[in-house]
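Novice: Okay, here's what each chain looks like letter by letter:
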Amino acid sequence: MERIVEILPELNHAFLETLIMVGISLTIALILGLPIGILLYVTSQNNFLQNKTLKTVFGVIVNLVRSVPFIILMVFLFPVTQILLGSTIGPYAASVSLSVAAIPFYARIVEAAARDIDKGVIEAAIATGASPWLIIKDIILPETKPGLISGLTITAISLIGYSAMAGTIGGGGIGDLAVRYGYYRYDDTVMFTTVIVLVVLVQFIQYLGDYISKAVDKR
Amino acid sequence: MIKVEQLNKVFHLKTGDVIGVEDVSFEVDAGEIFGIVGYSGAGKSTLLRCLNLLERPSSGSIYINDTDLLELPQKELREARQSIGMIFQGFYLVSSKTVYENVSFALKAAGVPKQEWKERVTELLRLVGLEDKVDQFPAQLSGGQKQRVSIARALANNPSVLLCDEATSALDPNTTQSILNLLQKINRELGITIVLITHEMEVVKKICDRCAVMEDGRIVEQASTYKIFSQPKNELTQKFIATVLDINLPDKLRKECTGTVVQLKFIDGLASDSVVSDMLQNNQVTGNILHGKVDYIKDVPLGVFIMELKGTQKEVDQAIDYLYKRLKHVEVIQHGTHR
Chain A
1 MERIVEILPE LNHAFLETLI MVGISLTIAL ILGLPIGILL YVTSQNNFLQ
51 NKTLKTVFGV IVNLVRSVPF IILMVFLFPV TQILLGSTIG PYAASVSLSV
101 AAIPFYARIV EAAARDIDKG VIEAAIATGA SPWLIIKDII LPETKPGLIS
151 GLTITAISLI GYSAMAGTIG GGGIGDLAVR YGYYRYDDTV MFTTVIVLVV
201 LVQFIQYLGD YISKAVDKR
Chain B
1 MIKVEQLNKV FHLKTGDVIG VEDVSFEVDA GEIFGIVGYS GAGKSTLLRC
51 LNLLERPSSG SIYINDTDLL ELPQKELREA RQSIGMIFQG FYLVSSKTVY
101 ENVSFALKAA GVPKQEWKER VTELLRLVGL EDKVDQFPAQ LSGGQKQRVS
151 IARALANNPS VLLCDEATSA LDPNTTQSIL NLLQKINREL GITIVLITHE
201 MEVVKKICDR CAVMEDGRIV EQASTYKIFS QPKNELTQKF IATVLDINLP
251 DKLRKECTGT VVQLKFIDGL ASDSVVSDML QNNQVTGNIL HGKVDYIKDV
301 PLGVFIMELK GTQKEVDQAI DYLYKRLKHV EVIQHGTHR
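Chains as they are written, first to last, in the working numbering: chain A, 1 to 219; chain B, 1 to 339.
If you are wondering where the hints come from, they were derived from the structure by calculation, not from laboratory data.
These numbers were taken from a predicted model, which means no experiment stands behind them.
It is possible that some hints are incorrect.
What the hints assert, rightly or not - Computed cross-link-like contacts, BS3-like style, restricted to lysine-lysine with a CA-CA straight-line distance of at most 27 Å:
no. : chain 1 : residue 1 : chain 2 : residue 2
1   : B       : Lys118    : A       : Lys145
2   : B       : Lys114    : A       : Lys137
3   : B       : Lys97     : A       : Lys145
4   : A       : Lys119    : A       : Lys218
This is chain B alone, in the form it adopts within the complex:
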């Protein structure tokens, strides 16, 4: 569907060369929602803008539907862009045009005959839930409504891909949720592949099938969203995960603990298993839950618990071994002073 190979983008500025994207390769399958996360300046926006050549890469190749975009002459590139919709953080609607005119502009750009506009625009506005705003100007709409119009515009020519450039970053949490729901609906019902960039892990957690983490123009880690959340490898990824799954124990509380403090991760279906009670029954230790959370990442549970284990050193070690066998993801945060 989308295949990016060894993509590089260097900006030649007066002050010197600045690397935007460095040696990035990834693939996105048809029908997938792929997220690219990173702090601002990581190069994710540049990378996304390369996917429809708003930014021309310095080297590398970009295949969308098996077409190498970089090989296309101007006219064919314009046609290819009609099958790649794009929405932005700033919405970028034309302020002098009504909602209808903003959406029909995309049809006009694609050379769709005028008599077909009305039906298509109505259909699109119904999809995004704005049928009643057809004759309003963008200035009369709220942020979420503007983003809906821009989604309608992006979908006008039945694209196979939708690129989202921080599409929810300018919206409040409620509106963000509703836009994410809409994107998910578009993905499921129309089968449109979505590539989105964001700095909010919440967005990834909610809708992305897979994601990549970017830093200094490079992709430092990419995996399924669940894997990224449950077993982040890169330090930056871990930092991002921490913004959503904050499971740090307050220092004061930790100092007061005399037992061994362990962090248990319940991955995939394990969250519903009775691992902890089994452990307590099989070992002469007492357990005390200090912190815990079960989060659902695209409907799959991910549980993280912090426990204090008390007992003799031997029993505690055995209990930890037992937990390790069952869970595979056990981390001793603090060793206790055991008898």
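Bound-form chain A, shown alone:
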């Protein structure tokens, strides 16, 4: 117990770092992954903005990024991070590679959620003479909202996992704390505490995500 109190300031700090990493990369995943996911959907075959070239280009890029294991992606992106932020250490630096990993991850989830819309609903909208932009904004986005939110939940939880990896090579955060104390110093108390903190965090995000997703679902 004493040990926990002793570690508390450091735990607080690590927790905050994790939140920063996950928060930034999740926001960027939402800002960039959402449009890419929608683009992948509307340009697919037989859809209203069918475009094989665009679909292939974005599809390949998304698959490329997704096929690189995260830890390798991170090392690979060190030069980019260095140019962007002037450093490869700390939660902000780690956010760069986390974002790069999260964008295609979320894009695929968005695409899958959009594909769940009944094609007839899209056709009915086309039949009213609506423009493609209006269909995206007023039909596709509202109809996929529950899926977009639960997808965001999944992405956030995956990012917590990735952030632990990012932490060990200079990102900081709870994962880093656990490795430093638990792995290098055999300090089980700290190890368990961090695990509990992570479990609670993940549970909370999942609960919140499910709750919001259900609240907006009118199906």
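Following the hints, complete the assembly by docking chain B onto the known chain A.
Specialist: The following block gives chain B in isolation, referenced to the frame of chain A:
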């Protein structure tokens, strides 16, 4: 109003080319209700979807209000679609939008200023009888109510044409009747031309002025609904008619008949004439009605009777001649063993 010329639609699939619509031509006059009937896979849905270019035909032309749809650039096509409403078997309402939002979406698509939405949506919902459901979500509505909302959405921009893709096929018989009544009301009161496809002859019988029968992508017969019902020429048409006007005699009963069995058709006003009693008075035969039915197709009676005629061969032949002269539609189903 609507003019379709030599329309073809071929689907290029990996497994080979599939013909959806083949060399179809027809015209629909303004204010008419035109039905297209056929079994599933006959190409009627593809044909209907070509009329607002949800499906782009492989060749041919489609004129709606004298505009060739296939010549229109994207933006003008979208404007043209605003004057062609469409409703579907699956309703296809947006589940995350309320009834109000579903209907106002069409207004938004047409660029109608927001302050005019409320009045227009209220007017439309009153027309379809759903004023009290304005803030409900589609999941809270019954099938018939959903179809009413989709009708309101389709009519939002005062279209001149309404396309109905199996609009009543997912509904129970009662709801089907009420939706058909609504379509008829829209046709009569707003003068909107309706093109509908269906596999139910009942629908055609109730509301269509004219209809076409489709098989394997082609129109095999088209005529006024009354003509289709009273004098179907094509074999498929006859099959469809039989689903509504079932006038087959049970085999057992027919075998027991010793006289000549004839089928009489009373077309147009003839159903109220006294042809049968005249025939019996003028000929030495006895008549026995085995089966009969008078149906009203858009308020015009169509009667079909099956009679057994007994008497001498000569008298029976004379009676049949007499009937033929009066009715024109007499068919001997079974020859009798006469003296």
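Novice: None of the hints should be skipped; say for each whether it holds.
Specialist: Evaluated hints:
A threshold of 27 Å between alpha carbons decides the hint, and for Lys118 (chain B) with Lys145 (chain A) the separation of about 26 Å falls inside it, so the pair holds. Note on Lys114 (chain B) and Lys137 (chain A): the hinted pairing holds, with a Cα-Cα distance of about 17 Å set against a maximum of 27 Å. Straight-line distance between C-alpha atoms of Lys97 (chain B) and Lys145 (chain A) comes to about 12 Å, which keeps the hinted pair within the 27 Å bound. Between the alpha carbons of Lys119 (chain A) and Lys218 (chain A) the distance comes to roughly 18 Å, so the proposed pair stays at or under 27 Å and holds.
Taken one by one, the earlier hints all hold for this structure without exception.
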